[in-house]
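Undergrad: Sequence:
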Amino acid sequence: MKIALAQLNTTVGDLAGNEAKILNAYRRGVEARAQMVLCPELSITGYPPRDLLLKKRFVAQNLETLNRLAAATGETGLLVGFVGENKLQPGRNVTNSVALLRHGKIAAMRAKTLLPTYDVFDEDRYFEPATENVPAEFDGKRIALTICEDIWNDEDFWPERRYRHNPPVDLAEAGSEIIFNISASPWHLGKNKTRHEMLRSLALKTKRPVVFCNQVGGNDELVFDGGSMIFNADGEMIARGKLFEEDFVVANLDDENAVRAGEVSWPSDEEMIYKALTLGLRDYFHKCGFKSAVLGLSGGIDSALAACIAATALGKENVRGVSLPSQYSSQHSLDDARALAENLGIQYDIVPIQPPFDATKDQLKTIFAGRPEDTTEENMQARLRGVILMALSNKFGSLLLTTGNKSELAVGYCTLYGDMCGGLAVISDVPKTTVYRLARWINREREIIPESSITKPPSAELRPDQCDQDSLPPYEILDAILDLYVVHGKSISEIVVAGFDEAVVRKVIRLIDLNEYKRRQSAPGLRVTTKAFGVGRRIPIAQKFWG
-14 MKIALAQLNT
-4 TVGDLAGNEA
6 KILNAYRRGV
16 EARAQMVLCP
26 ELSITGYPPR
36 DLLLKKRFVA
46 QNLETLNRLA
56 AATGETGLLV
66 GFVGENKLQP
76 GRNVTNSVAL
86 LRHGKIAAMR
96 AKTLLPTYDV
106 FDEDRYFEPA
116 TENVPAEFDG
126 KRIALTICED
136 IWNDEDFWPE
146 RRYRHNPPVD
156 LAEAGSEIIF
166 NISASPWHLG
176 KNKTRHEMLR
186 SLALKTKRPV
196 VFCNQVGGND
206 ELVFDGGSMI
216 FNADGEMIAR
226 GKLFEEDFVV
236 ANLDDENAVR
246 AGEVSWPSDE
256 EMIYKALTLG
266 LRDYFHKCGF
276 KSAVLGLSGG
286 IDSALAACIA
296 ATALGKENVR
306 GVSLPSQYSS
316 QHSLDDARAL
326 AENLGIQYDI
336 VPIQPPFDAT
346 KDQLKTIFAG
356 RPEDTTEENM
366 QARLRGVILM
376 ALSNKFGSLL
386 LTTGNKSELA
396 VGYCTLYGDM
406 CGGLAVISDV
416 PKTTVYRLAR
426 WINREREIIP
436 ESSITKPPSA
446 ELRPDQCDQD
456 SLPPYEILDA
466 ILDLYVVHGK
476 SISEIVVAGF
486 DEAVVRKVIR
496 LIDLNEYKRR
506 QSAPGLRVTT
516 KAFGVGRRIP
526 IAQKFWG
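Numbering (my numbering), first residue to last: -14 to 532.
Careful, some of the hints might be misleading.
Quick list of simulated restraints, FRET-style, between CB atoms [as the list claims (entries may be wrong)]:
1. 360 to 380: 58 to 66 Å
2. 428 to 479: 45 to 53 Å
3. 429 to 459: 24 to 32 Å
4. 155 to 75: 24 to 32 Å
These are calculated hints, taken from the structure and not from any lab test.
Ideal Cβ placement from N, Cα and C applies to all residues, glycine included.
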């Protein structure tokens, strides 16, 4: 069978735009003489539609779109994801469904059986799960129609399982000759390798070809990497879509030029993180209607990385970097900020904050009389910078980017309504140690980020001779504790047993827990690790349990 994988970048709620993409992909499949064209999960509505699913007109228009797509089909089949109606009550009103369209009509429909409700997923809030899934008929073959999570529960691959059912194995045992899976599987570091091994394992176990079509693109905080794949019944990969960009892949299940185990190569972690962040930022801007970005350039490594990502995603002509020096700003930081802007070719402005800072202190001197300067004055500087950057954002219609990394956000080393001002937190899921790795990767061919931005001790420069490590442990230790506690859910005692000083562990964990209120007010961030701060981590603000 000749198959086409339409790896599409859909936009949530853009039913007309998504329909046009699907139709274009189908026509390409017809021209390529494919027998079947696959589009991703919920490709009509975009994924994840979340509470749009509670709007009856949204669901109705999605069904109207499905019928128009069906009417446009001929001999070539089309698998498309849509929101189905659950006519069996009681239960939720809709299903996460796939339709096989052919000869001008809907030839078959199946609903998703396994509904993920963990981390960033909340499908059980909206969808009614399928109670059964049986093979569909296509050109004399029996085929399995599955959706994303349906293939993520094989007991021979996963040591721990979330569900009792194993839909693709059940469908193979029921006589399915090919396993089709349409997906909207978001990316995090390591996900593409896990997905590859899982699909290969499923093909080997069932002795069936496995055809997997994945969504690509950024939708809010989630980034989808594409990487669609086709495996033959021997577990050999015969086709793969590009990572982090739209693609259209045509392959024959009988292709003898298969990629055998051990021959698959992947980009470096740094390259994939950078591409994911670039794609996520670009789509956030374009899908929200923004064309340009503004951000503060401190001369430090975090704002340098954010500026590089923005320039790559939006084009240098659409990025404005602003230096906002105070009396505590070092000359080398100012020089580094300017050098970065020149290396990137972005617009660069300097707006000193010392005059408004002095004026604000003067306004408050009577009220603050008798009290020494402390973090209040440090935060005033950050907030004055936020006021200026937001003014530039408003005046020029640019979206303000925040530049804080995951390590800082974790322990609250950031200022509400100051450096946290902005519409998108570009690197909020990138630990500080990874920021350094990405900076080295960016400079692999020539110096873009000034070397001194990478090598100098990190500092907020809000008081004389300030250094991050005055109040925080070294980032290598902080990030390791952060990974164990936030990502892997380890307790204080488990982290101490892993070799960390107990006093340091307790301090870091207490900071993480106490600063939930800040993170709840932060801009949405792009997810690149298995556990990001945001919709996938729902810790109460008012609570007394920590550790």
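Undergrad: The structure should be examined with respect to each hint, and the outcome stated for every one.
TA: Against the structure, the hints:
no. : hint                   : verdict
1   : 360 to 380: 58 to 66 Å : violated, 30 Å
2   : 428 to 479: 45 to 53 Å : violated, 37 Å
3   : 429 to 459: 24 to 32 Å : holds, 25 Å
4   : 155 to 75: 24 to 32 Å  : holds, 25 Å
The structure shown violates the earlier hints numbered 1, 2.
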